[in-house]
Structure formats: structure tokens, C-alpha cells
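For the sequence shown, my numbering gives the first residue as 13, with consecutive numbering after it.
You may find that some hints are simply not true.
[What the hints assert, rightly or not] Per label pair, the in silico range of CB-to-CB distance:
| no. | residue 1 | residue 2 | range |
| --- | --- | --- | --- |
| 1 | Glu170 | Gln226 | 47 to 53 Å |
| 2 | Pro43 | Leu123 | 38 to 44 Å |
| 3 | Leu138 | Leu255 | 29 to 35 Å |
| 4 | Ala172 | Phe258 | 43 to 49 Å |
| 5 | Glu66 | Leu221 | 32 to 38 Å |
| 6 | Leu39 | Ser176 | 21 to 27 Å |
| 7 | Trp110 | Leu35 | 36 to 42 Å |
FYI, nobody ran anything at the bench for these hints, they're computed from the structure. Virtual Cβ for every residue (Gly too), placed ideally from N, Cα, C.
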Amino acid sequence: MRSEPVVWLSSSLLLFLFTACLLGPLLPLAPDTRIDLNNRLLTPSGKHWLGTDELGRDILSRLLSGGRVSLLISLVVVSISLTIGTALGSICGYAGGWIDDLVMRAADVLLAFPGILLAIGLISVLGPSIASVITALVMLGWVSYARLARSLTLKLRELAFVSSSISIGASRTRILIYHVLPNLLPTLIVQASFGFAGIILAESSLSFLGLGVQPPQPSWGSMLSDGKNHLLDAPHLTVFPGLAIFFSVLCLNLLGDALRDYLDPRKSVSVAIN
13 MRSEPVVWLS SSLLLFLFTA CLLGPLLPLA PDTRIDLNNR LLTPSGKHWL
63 GTDELGRDIL SRLLSGGRVS LLISLVVVSI SLTIGTALGS ICGYAGGWID
113 DLVMRAADVL LAFPGILLAI GLISVLGPSI ASVITALVML GWVSYARLAR
163 SLTLKLRELA FVSSSISIGA SRTRILIYHV LPNLLPTLIV QASFGFAGII
213 LAESSLSFLG LGVQPPQPSW GSMLSDGKNH LLDAPHLTVF PGLAIFFSVL
263 CLNLLGDALR DYLDPRKSVS VAIN
């Protein structure tokens with residue numbers, strides 16, 4: 013991976029973006045909620061590096077604050093979804109029976125609905141908030157990890173090292189934790205990198221529709237929504253949050269592709285033979 017310039021470039025951009033978002037409160041910027049109607053719709057300048065919005069709020073400050081929200085939501089959703097999906101999928105794949113049927117039929121029901129529409133329906137019931145967004149995305153996100161973990165476990169349980177563990181009397185729990193799970197993690201980590209990008213897009217979409225992060229807390233999606241009425245007279249209101257979403261999702265997908273190639277055992281064997 014060290015020889016891949018795309019990996020270095022995407023990693024550097026992500027590190028810069030996430031570091032800037034995390035260190036945003038320490039930077040000498042105006043508060044993201046400060047309203048200054050005398051300086052509304054200013055273009056980028058030395059005082060306001062990315063300009064101001066229709067209420068005179070500093071766009072850079074709001075962009076970094078919104079990035080922290082997106083980063084927090086994505087990290088929480090991916091962590092919970094990965095944990096739940098891996099646990100359920102590995103248990104279903106190894107144990108089978110009615111547990112497998114029950115969990116997989118529930119997953120099929122969730123997959124039968126368009127994800128964004130189901131998330132909108134759940135948030136409409138729960139009420140717009142960060143907690144509601146996390147709850148809705150977790151209820152949808154665990155399915156992909158569960159199905160992937162189940163399919164991998166079905167293959168792993170037929171291999172020789174699992175049969176050897178069974179022959180010496182190892183329990184199902186020990187086999188799952190010490191033998192199956194370590195072999196699932198590389199593939200699931202790659203899936204999580206793509207899932208991280210998907211959660212950023214989903215959260216931005218919900219916030220754009222007014223169902224995600226609520227004012228006065230900024231988010232990239234709500235900033236796009238606020239700036240859509242000023243596309244001609246102040247395009248910087250939508251350009252900068254749009255670029256933040258674009259580059260973060262693009263870099264995460266590029267890293268996911270690189271991890272998939274790096275962790276592919278068939279490629280590793282091919283390289284070793286050559």
C-alpha cells in the first residue's frame with residue numbers, strides 16, 4: 013500500500029479533514045452560531061476564509077462543526093452496526109436452525125424497503141434529532157454486516173481448522189471467538205470503510221431534508237439545504253459543504269478499495285508465488 017499514490021493522497025486528505033474538524037474549537041474562528049446580519053453572504057476573504065451565510069455566520073466554523081457531527085454519527089453507527097451484525101451473522105452461520113431463519117427473515121424484511129425511505133419513516137416516528145438518526149441508521153446498517161458475516165461463517169465452519177477444534181472438544185463459543193471471528197475481521201473492516209462513507213451520505217441526506225441534525229447545530233446536509241436558495245448570488249454556501257462531502261466519501265471509498273486489495277488472501281498468495 014505504501015507504493016500506491018492514491019492511498020497516500022486519500023489518507024492525507026482524510027487526515028487533514030478529520031484533524032481540522034476535531035481541532036475546530038481551538039482555531040481562531042468566529043463561533044458557528046454567531047449571527048451577524050451586517051456581514052451576510054460575504055465571499056471568502058481574510059476575515060472569513062470561506063465567506064459567510066445568509067445570517068452572517070462563518071462558513072468555515074460551521075463546516076468544521078458539521079464535520080464533527082458527521083464524524084461522530086458515522087463512527088457510532090458503524091461501530092454499533094458492525095458489532096451487532098457480526099455477532100448475529102456469525103451465530104446464524106455457525107448454529108443455523110431457527111435462529112438463522114428468524115434473523116435472516118428480519119434482514120430480508122428490512123432490505124425489502126428503500127433504505128432512505130425507511131429511515132425517513134423511522135425518524136418521523138421518533139422525531140428529528142441526532143439520537144433518532146443514529147437509531148434509524150443502526151436499524152438499517154446491521155443487515156449488511158450480518159449477511160456478510162453469515163456467508164463467511166458458513167464457509168469457515170467447513171474448513172479443517174474448525175473441524176480440528178471440534179474434534180478436541182472445543183466449545184461453540186470458543187470456536188466462534190478464537191477461530192471464526194479473527195478470520196471474519198479483515199473482510200468486515202473493508203465493509204466498514206465503505207459503510208463509513210455511506211453513513212456520511214445518509215446523514216447528510218437526512219439533514220438536507222430537515223430530518224437529521226436540527227438547528228442551531230450545523231451539519232453538511234443542512235448547510236447545503238440553507239444555501240440552495242443562493243446558488244446564483246452566493247454559490248460558496250453550497251460549494252464548500254458539497255466539496256467536504258464529496259472528498260470525504262471519495263477518499264473513504266478509495267481507502268476501502270485499497271484495503272480490499274491488500275487484505276485479499278488470494279492476491280497475497282499470488283504475490284508470494286510470483
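Against the structure, the hints come out as follows:
{"no.": "1", "hint": "Glu170 with Gln226: 47 to 53 Å", "in the structure": "holds, 50 Å"}
{"no.": "2", "hint": "Pro43 with Leu123: 38 to 44 Å", "in the structure": "holds, 43 Å"}
{"no.": "3", "hint": "Leu138 with Leu255: 29 to 35 Å", "in the structure": "holds, 31 Å"}
{"no.": "4", "hint": "Ala172 with Phe258: 43 to 49 Å", "in the structure": "holds, 46 Å"}
{"no.": "5", "hint": "Glu66 with Leu221: 32 to 38 Å", "in the structure": "violated, 19 Å"}
{"no.": "6", "hint": "Leu39 with Ser176: 21 to 27 Å", "in the structure": "violated, 57 Å"}
{"no.": "7", "hint": "Trp110 with Leu35: 36 to 42 Å", "in the structure": "violated, 51 Å"}
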